[in-house]
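Asks: Sequence:
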Amino acid sequence: MVNPVQTVELRPGEDVIRLGQLLKLVDAVPTGAQVKDVLAEGTVQVNGEPEDRRGRQLHAGDVVSIEGLGDVRVDRAP
Numbered sequence: 025m026v027n028p029v030q031t032v033e034l035r036p037g038e039d040v041i042r043l044g045q046l047l048k049l050v051d052a053v054p055t056g057a058q059v060k061d062v063l064a065e066g067t068v069q070v071n072g073e074p075e076d077r078r079g080r081q082l083h084a085g086d087v088v089s090i091e092g093l094g095d096v097r098v099d100r101a102p
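In my numbering, each number is its position in the sequence shown, counted from 1, plus 24.
Hints are not guaranteed to be accurate.
[What the hints assert, rightly or not] The following label-pair restraints were derived from C-beta to C-beta distances: (1) Pro102 to Asp76: 27 to 35 Å; (2) Pro54 to Asp95: 17 to 25 Å; (3) Asn71 to Glu38: 17 to 25 Å; (4) Gly56 to Thr31: 16 to 24 Å; (5) Asp99 to Gln69: 16 to 24 Å; (6) Pro36 to Gly66: 32 to 40 Å; (7) Arg42 to Glu91: 16 to 24 Å.
Rather than coming from a laboratory, the hints here were simulated on the basis of the structure. Glycine included, every Cβ here is placed at the ideal spot set by N, Cα and C.
Between the sequences and the hints, there should be enough to build the whole structure, so can you do that?
Replies: The structure is reproduced here in structure tokens:
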């Protein structure tokens, strides 16, 4: 079974969210301290490319793929 694409909305007035923040929001990691470890495993991709920088800025339209959780799309707030 394929996991549905989750959506994370940017806060009103913000243009970016950092990858570490997104991983915490979707419960890919229980704490911020574990973000670095998860990224070092190579199980996270941004727009199809492996990513290991927790400070990577994500913009509306970016898709983050997380092994075991599926895809998360970044959208603008309505």
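Asks: Tell me, in ascending order, the numbers of any earlier hints that this structure violates.
Replies: none
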